[in-house]
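Engineer: Protein sequences appear in the order of chains C and F.
According to our numbering, the first sequence is numbered sequentially starting from 1075.
According to our numbering, the second sequence is numbered sequentially starting from 9.
Simulated from the structure, these hints should not be mistaken for lab results.
Ideal Cβ placement from N, Cα and C applies to all residues, glycine included.
Do not take every clue at face value.
SDA-like, lysine to any residue: derived pairs with alpha carbons at most 25 Å apart [to be verified]:
#1 C:Lys-1118 with F:Arg-36
#2 C:Lys-1125 with C:Ser-1169
#3 C:Lys-1118 with F:Gly-104
#4 F:Lys-11 with C:Gly-1116
#5 F:Lys-46 with C:Gly-1077
#6 F:Lys-24 with F:Gly-104
#7 F:Lys-46 with C:Lys-1125
#8 F:Lys-11 with C:Glu-1114
#9 F:Lys-11 with C:Lys-1125
#10 C:Lys-1118 with F:Lys-24
#11 C:Lys-1136 with C:Glu-1115
Quick look at which bits of chain C chain F covers, simulated, 3 or more residues with Cβ under 8 Å [as the list claims (entries may be wrong)]:
#12 1090 to 1098
#13 1107 to 1120
#14 1129 to 1141
Chain F is nowhere near these chain C residues, computed Cβ spacing over 10 Å in every case [to be verified]:
#15 Ala-1076
#16 Glu-1126
#17 Arg-1152
#18 Val-1157
#19 Asp-1160
#20 Ser-1161
#21 Ala-1162
#22 Leu-1186
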Amino acid sequence: NAGVMQNPRHLVRRRGQEARLRCSPMKGHSHVYWYRQLPEEGLKFMVYLQKENIIDESGMPKERFSAEFPKEGPSILRIQQVVRGDSAAYFCASSSFGTTQYFGPGTRLTVL
Amino acid sequence: AQKVTQAQTEISVVEKEDVTLDCVYETRDTTYYLFWYKQPPSGELVFLIRRNSFDEQNEISGRYSWNFQKSTSSFNFTITASQVVDSAVYFCALSGETSGSRLTFGEGTQLTVNP
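One chain only, chain F, in its complex shape:
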């Protein structure tokens, strides 16, 4: 069975601080995909990134960066110089060969960025 664990239920930071959201996954699949989605207070789900299991290169997109480490089964997400607009619930998700296309989500991390 697949599992995604986001151990941090809530994180609170002050604007301009860097913050890292942790994601640990479990799967027996050789080929799998990892995702991050953002759910702002308005409630919609916004896609942020998708990585496949064969690509361990870290990725940077503006203030966002992702660190994928197969050795520790982790796919952590860092926001640099956080802003109030980053306040949201962030979900890590996994799909793989045995699960087909369905996504297995973590429980989410509520990030609050205070001015």
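Extracted from the complex, chain C is given alone in its bound form:
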């Protein structure tokens, strides 16, 4: 399967724990994007990364959230000290430069 891979598909955390969401882009894609879908809402852009660089993080909350896309391995979206309001579906997309973004299946984060 050459599609965008995300894991885990479902993640349950208690308040105050850390959540790590992983995204492997499609083969040949070097651009990764993270979006968040809160319950009953549309998708909101969070961050855009290329290998080892954050290109646009204008949609990322200022605290507790960080993202990386290392030279080797998947992109990671990290949420520290999760709160109930972080419960959402987190989608990763990948693309070649200037082309269509293809989405992964998403990670559903539930904070208890």
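Based on the hints, put chain F in the right spot on chain C.
Structural biologist: Leaving out everything else, chain F in the frame of chain C:
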């Protein structure tokens, strides 16, 4: 700022009916791209189409067709002879010169096709 409006929150039709999902956008960019994505009940996001601002030709793909009109800033999506499997949330999205690669999504339209 860019904005995408999908005024229809929910639409319900009976199988074999035609249905049109509306999308109106706002942008000051000269060059921009419009997209439709489908989110079935299983939750993944499926790419359907991408159009650039210089190509106003309508597009047809099987039972799906898209009508892009710059004069009204609209990019509407029509499903002909709808089927139960078309039931999903459909999102219209926009990207442009000033927003870079990030997509601005509409709120989505929940389409239910009843047998």
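Engineer: Decide, hint by hint, whether the structure agrees.
Structural biologist: Checked hints:
no.: 1; hint: C:Lys-1118 with F:Arg-36; in the structure: holds (20 Å)
no.: 2; hint: C:Lys-1125 with C:Ser-1169; in the structure: holds (12 Å)
no.: 3; hint: C:Lys-1118 with F:Gly-104; in the structure: holds (16 Å)
no.: 4; hint: F:Lys-11 with C:Gly-1116; in the structure: holds (12 Å)
no.: 5; hint: F:Lys-46 with C:Gly-1077; in the structure: holds (16 Å)
no.: 6; hint: F:Lys-24 with F:Gly-104; in the structure: violated (36 Å)
no.: 7; hint: F:Lys-46 with C:Lys-1125; in the structure: violated (28 Å)
no.: 8; hint: F:Lys-11 with C:Glu-1114; in the structure: holds (18 Å)
no.: 9; hint: F:Lys-11 with C:Lys-1125; in the structure: violated (29 Å)
no.: 10; hint: C:Lys-1118 with F:Lys-24; in the structure: violated (33 Å)
no.: 11; hint: C:Lys-1136 with C:Glu-1115; in the structure: holds (21 Å)
no.: 12; hint: 1090 to 1098; in the structure: violated (count 0)
no.: 13; hint: 1107 to 1120; in the structure: holds (count 7)
no.: 14; hint: 1129 to 1141; in the structure: holds (count 4)
no.: 15; hint: Ala-1076; in the structure: holds (14 Å)
no.: 16; hint: Glu-1126; in the structure: holds (17 Å)
no.: 17; hint: Arg-1152; in the structure: holds (20 Å)
no.: 18; hint: Val-1157; in the structure: holds (23 Å)
no.: 19; hint: Asp-1160; in the structure: holds (18 Å)
no.: 20; hint: Ser-1161; in the structure: holds (15 Å)
no.: 21; hint: Ala-1162; in the structure: holds (12 Å)
no.: 22; hint: Leu-1186; in the structure: holds (20 Å)
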